[in-house]
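Chain by chain, the residues run as shown.
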Amino acid sequence: MNLTSYLALAAILFCIGLYGVITKRNAVMVLFSIELMLNAVNINLVAFAKYGMVPNISGQVFTLFTIAIAAAEAAVGIAILLALYRNKGTAEADKYNSMKG
Amino acid sequence: MNISGELIAFFILSVSAIGGAVFMMNLTRVMHMALALAFTFFSIAGVFILLDAPFLAVTQILIYTGAVSILMIFGIMLTKHKDEENPPSFDIKKLWSLIGVGAFFAVVLWIIYQSPFFTSEETVTDFSVKMLGKSIFQQYMIPFEVTSILLLVALIGAAVLAKREEKRK
Chain U
1 MNLTSYLALA
11 AILFCIGLYG
21 VITKRNAVMV
31 LFSIELMLNA
41 VNINLVAFAK
51 YGMVPNISGQ
61 VFTLFTIAIA
71 AAEAAVGIAI
81 LLALYRNKGT
91 AEADKYNSMK
101 G
Chain L
102 MNISGELIAF
112 FILSVSAIGG
122 AVFMMNLTRV
132 MHMALALAFT
142 FFSIAGVFIL
152 LDAPFLAVTQ
162 ILIYTGAVSI
172 LMIFGIMLTK
182 HKDEENPPSF
192 DIKKLWSLIG
202 VGAFFAVVLW
212 IIYQSPFFTS
222 EETVTDFSVK
232 MLGKSIFQQY
242 MIPFEVTSIL
252 LLVALIGAAV
262 LAKREEKRK
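Just so you know, the sequences run in chain order U and L. Note that the working numbering gives residue 85 to position 85 of the first sequence, counting from 1, and the numbers run on in steps of one. Note that the working numbering gives residue 177 to position 76 of the second sequence, counting from 1, and the numbers run on in steps of one.
In case anyone wonders, no lab produced these hints; they're calculated from the structure. Among the hints, a few may not be true.
Heads up, simulated EDC-like pairs for lysine to aspartate or glutamate below, C-alpha to C-alpha not over 20 Å straight-line [as the list claims (entries may be wrong)]:
1. L:Lys-235 x L:Glu-246
2. U:Lys-88 x L:Glu-266
3. L:Lys-181 x U:Asp-94
4. L:Lys-231 x L:Asp-153
5. L:Lys-194 x U:Glu-92
6. L:Lys-195 x U:Glu-92
7. U:Lys-95 x L:Asp-192
8. L:Lys-235 x L:Asp-153
9. L:Lys-181 x U:Glu-92
10. L:Lys-195 x U:Asp-94
11. L:Lys-264 x U:Glu-73
Make a model of the complete structure from these sequences and hints.
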């Protein structure tokens, strides 16, 4: 197995996540797509840790940090979403336009 | 390219990961989307095992397929969703975002296949959990502590944000 296969897999997952972020209307699914994009980046980090020019365990450490940050992001995102839902009565991302100029 | 067990495993795992993600995009019920994405996260854990990162694979299963999926399902259940999303209408906005994302993907893939990635000669790097622990708790001690502070702040922030506001008199 070579590096490019893993990078291509990560690119595909990243682009699917990006498409989801742009087109999904439910805000929970937007958050979920962001998690998918973060996971694609994690695959890149771990692949470079094994097959990169200087194989090093640092890539895996970075991935652990990324997972921790992503978990915190998901928790805060869901909390913000619940607060928004309580105020606006909807979970659709299109309806959150009260800051629109 | 010779067919090895690693290649077959990579093929199966990547097909299930991409398949789960594509199903997530196309399913209409929100709960089914969450389950499809949990399946994708599970396949990514398998990819981590292929890449000599067993600790990360276990962490992935614990945090993503376990915690984050359950958190998202709570988020789905606590907000009133129309159980069926609107039937997938193909409007002009979706078409443009598909074109944009497709162009981005083509550029990224072109760059990946063009760049000369030097694979290393030394393939006997020690990727054991012991080395990972040594690396975290010696070289990356300060970022580890900062991460713990960040998790604490995020916990408090999430609790404060999601708390029901009292009625002001």
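To see whether the hints hold, each was checked on the structure:
Proximity of Lys-235 of chain L to Glu-246 of chain L is assessed by CA-CA distance (about 15 Å); at most 20 Å being required, the pair is judged to hold. Between Lys-88 of chain U and Glu-266 of chain L the alpha-carbon distance is near 14 Å, which keeps this suggested pair within the 20 Å criterion. With a C-alpha separation of about 15 Å, the suggested pairing of Lys-181 of chain L with Asp-94 of chain U holds against the 20 Å cut-off. Proposed proximity of Lys-231 of chain L and Asp-153 of chain L is supported: the alpha carbons are some 13 Å apart, at most 20 Å.
With a C-alpha separation of about 16 Å, the suggested pair Lys-194 of chain L and Glu-92 of chain U falls inside the 20 Å cut-off, and the hint holds. Among the hinted pairs, Lys-195 of chain L with Glu-92 of chain U is consistent with the structure: their alpha-carbon atoms are about 16 Å apart, no more than 20 Å. At roughly 18 Å between alpha-carbon atoms, Lys-95 of chain U and Asp-192 of chain L fall within 20 Å of each other, so this suggested pair holds. A threshold of 20 Å between alpha carbons decides the hint, and for Lys-235 of chain L with Asp-153 of chain L the separation of about 17 Å falls inside it, so the pair holds.
At roughly 10 Å between alpha-carbon atoms, Lys-181 of chain L and Glu-92 of chain U fall within 20 Å of each other, so this suggested pair holds. For the hint linking Lys-195 of chain L to Asp-94 of chain U, the alpha-carbon distance of about 14 Å falls within 20 Å, and the restraint holds. As the CA atoms of Lys-264 of chain L and Glu-73 of chain U are separated by approximately 17 Å, the hinted pair is consistent with the 20 Å bound.
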